[in-house]
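Participant: Line order of the protein sequences matches chains Z and Y. According to the numbering used here, the residues represented by the first sequence are 1 to 300, in order. According to the numbering used here, the residues represented by the second sequence are 1001 to 1223, in order.
Rather than coming from a laboratory, the hints here were simulated on the basis of the structure. Yeah, the Cβ is synthetic: ideal placement off N, Cα and C, and Gly gets one too. Certain hints may be false.
[Claimed, not checked] Listed next, with one range per pair, are the computed distances between beta-carbon atoms: (1) 1114(Y) x 135(Z): 45 to 51 Å; (2) 116(Z) x 1027(Y): 45 to 51 Å; (3) 1062(Y) x 171(Z): 51 to 57 Å; (4) 1136(Y) x 16(Z): 17 to 23 Å; (5) 1135(Y) x 255(Z): 51 to 57 Å; (6) 135(Z) x 1115(Y): 50 to 56 Å; (7) 1027(Y) x 16(Z): 38 to 44 Å; (8) 1110(Y) x 134(Z): 47 to 53 Å.
[As the list claims (entries may be wrong)] So the derived list for chain Z, only partly shown, Cβ under 8 Å to chain Y, looks like this: (9) 9; (10) 13; (11) 17; (12) 87; (13) 88; (14) 89; (15) 92; (16) 93; (17) 95; (18) 96; (19) 97; (20) 99; (21) 288; (22) 290; (23) 291.
[Unchecked claim] Examples of chain Y residues lying across from chain Z (beta carbon under 10 Å, computed): (24) 1008; (25) 1069; (26) 1107.
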Amino acid sequence: MCDLRKAWLCAGWNLYTLRKNPRFYLALVMGCLLCWMLTDRTLAISRDFHTDLQVFEAFIWCFADGDSILYASLVLMLVLSAFPRLDAAGSYVSFRAGRRAWLLGQVLTVLVITLGYCLLLLICSMLLGAGRVHARNIWSDTATLLSFSPGGFDPAFAVTRKMVKLTLPYPALAQIFVLLFLFMLLLSSVQLAFTVLKSRQTGTALALLICLTGFILTPERFMQWLHLPLEFTFYANLLAAWLSPLQHATYMMHNFGYDLLPRLSTSMLLLGGASVALLALSALRMRHYNYVFSGGIAHD
Amino acid sequence: MTDRNTTPAIQVEGIRMRFGADTVIKDITCTWEAGKIHGIVGRNGSGKTVLMKCICGFLRPTRGQARVFGRTIGKDVDFAPDTGMLIEAPGFLPHETGMNNLLWLARLSGLKGRERVRTCIEMVGLDPNLKKGVGKYSMGMRRRLGIAQALLDDPRLLILDEPTNGLDKQGVRDVHALLTCLKAQGKTVLLASHNPLDISGLCDSVREMDGGVMSAAYKDITI
Chain Z
1 MCDLRKAWLC AGWNLYTLRK NPRFYLALVM GCLLCWMLTD RTLAISRDFH
51 TDLQVFEAFI WCFADGDSIL YASLVLMLVL SAFPRLDAAG SYVSFRAGRR
101 AWLLGQVLTV LVITLGYCLL LLICSMLLGA GRVHARNIWS DTATLLSFSP
151 GGFDPAFAVT RKMVKLTLPY PALAQIFVLL FLFMLLLSSV QLAFTVLKSR
201 QTGTALALLI CLTGFILTPE RFMQWLHLPL EFTFYANLLA AWLSPLQHAT
251 YMMHNFGYDL LPRLSTSMLL LGGASVALLA LSALRMRHYN YVFSGGIAHD
Chain Y
1001 MTDRNTTPAI QVEGIRMRFG ADTVIKDITC TWEAGKIHGI VGRNGSGKTV
1051 LMKCICGFLR PTRGQARVFG RTIGKDVDFA PDTGMLIEAP GFLPHETGMN
1101 NLLWLARLSG LKGRERVRTC IEMVGLDPNL KKGVGKYSMG MRRRLGIAQA
1151 LLDDPRLLIL DEPTNGLDKQ GVRDVHALLT CLKAQGKTVL LASHNPLDIS
1201 GLCDSVREMD GGVMSAAYKD ITI
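Hey, can you work out the whole structure from these sequences and the hints?
Facilitator: Next up, the structure:
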């Protein structure tokens, strides 16, 4: 109980230090800008055809796509690369809190920031669509347009047809939000675990490497590498969907009952499980971690 | 159950510390009694700070162990119990006042209210109402604030690495007076300095470190 109180205090201290951190504000602004840029395609259709939108649709259509998740995650890395704090200031905090509480504090910090950032993207996308939205749990006319018009043949919108047929906005929002959150959590866990295991540079490099796999391990690349003809796209999709962490976070790359892609629950379990395993690994390493700090003024 | 009166404040048993191929501390064994001021002198890079970090629990020695008040660091406890320390310099948050910086640390120690923080800041000769951020403090002021944070929990043991570094003559006298006063209250102090003259008058025992090896106490009034 005492550990938990101290862990929350450590997290509070970490978040408090963000108040004067320009990178934090830069990430907030970039997150909002990114949201505006990524949702604009959906909003433009709604504007051009004078159709309404379900309040969460801008977020759903935007973050059902892997590229959007990747860009948003890269922005989040701007903030998370500052954690865990292992400088002199962090070491002095750790001395008072104890290693276990301190690490738990870092995990709480990462959870709070990641969740907060996902909520920021959600709120931002809701505000951008304000004026022509409804909150009912039914798809809007814009969704119908996206799914069953020539616009729906755009690969980025191909998912809409699946979604509109199989689910409703609220469950879709919940699933996409959880996938986005878990992918970002995986990146944060990699960053945290490998900073403790090896060094901050290794942590950041590996988190970026996971992002890079998102760019590399795509169905198109597999088609290219394996010289697959178009009719074998299914196999390239399978490889990408199972091998790439980003594709696990991409809604459209899942099994909705008629193929061998991973199920949503499988991907959530894999992403969440990997994060938990990495955090457990850091907890083990933390017991023997050597604090190497040289003092001076902290960069908050 | 350990006896508070007879248990040495610090016991170091065969501590060796390596960073890669570099052996920074070479099998040091020694004991520091409670209720006294002990000094470690040695040139820069002689291993004083690393030894202090091992005693505090920041570094896990490659071999050997440190015990503080009978409790083994890294086994019984994560960090030295009932200890205040100033090693290198605490990385205070530069935009926050000294009071705010210490308030966060006090909360982590479970101290309620501002009174203890205020008292500690006053004990080191700083103004607790000073509104400027620590980033604008002089080096000496930051050092004093560092000592104040070490005193926050009213610890039985103080581990201070170069506590008078950057202080003017009056500052050095103030710190010496403070440490003498703490000794009179039964506290134990372990001091490190690269300047023997700086601490020899103050300490009950002084040991010298050179190249990761520690000498026998060359000044020890208990002998």
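Participant: May I ask which of the numbered hints given earlier this structure violates, with the numbers listed in increasing order?
Facilitator: 24, 25
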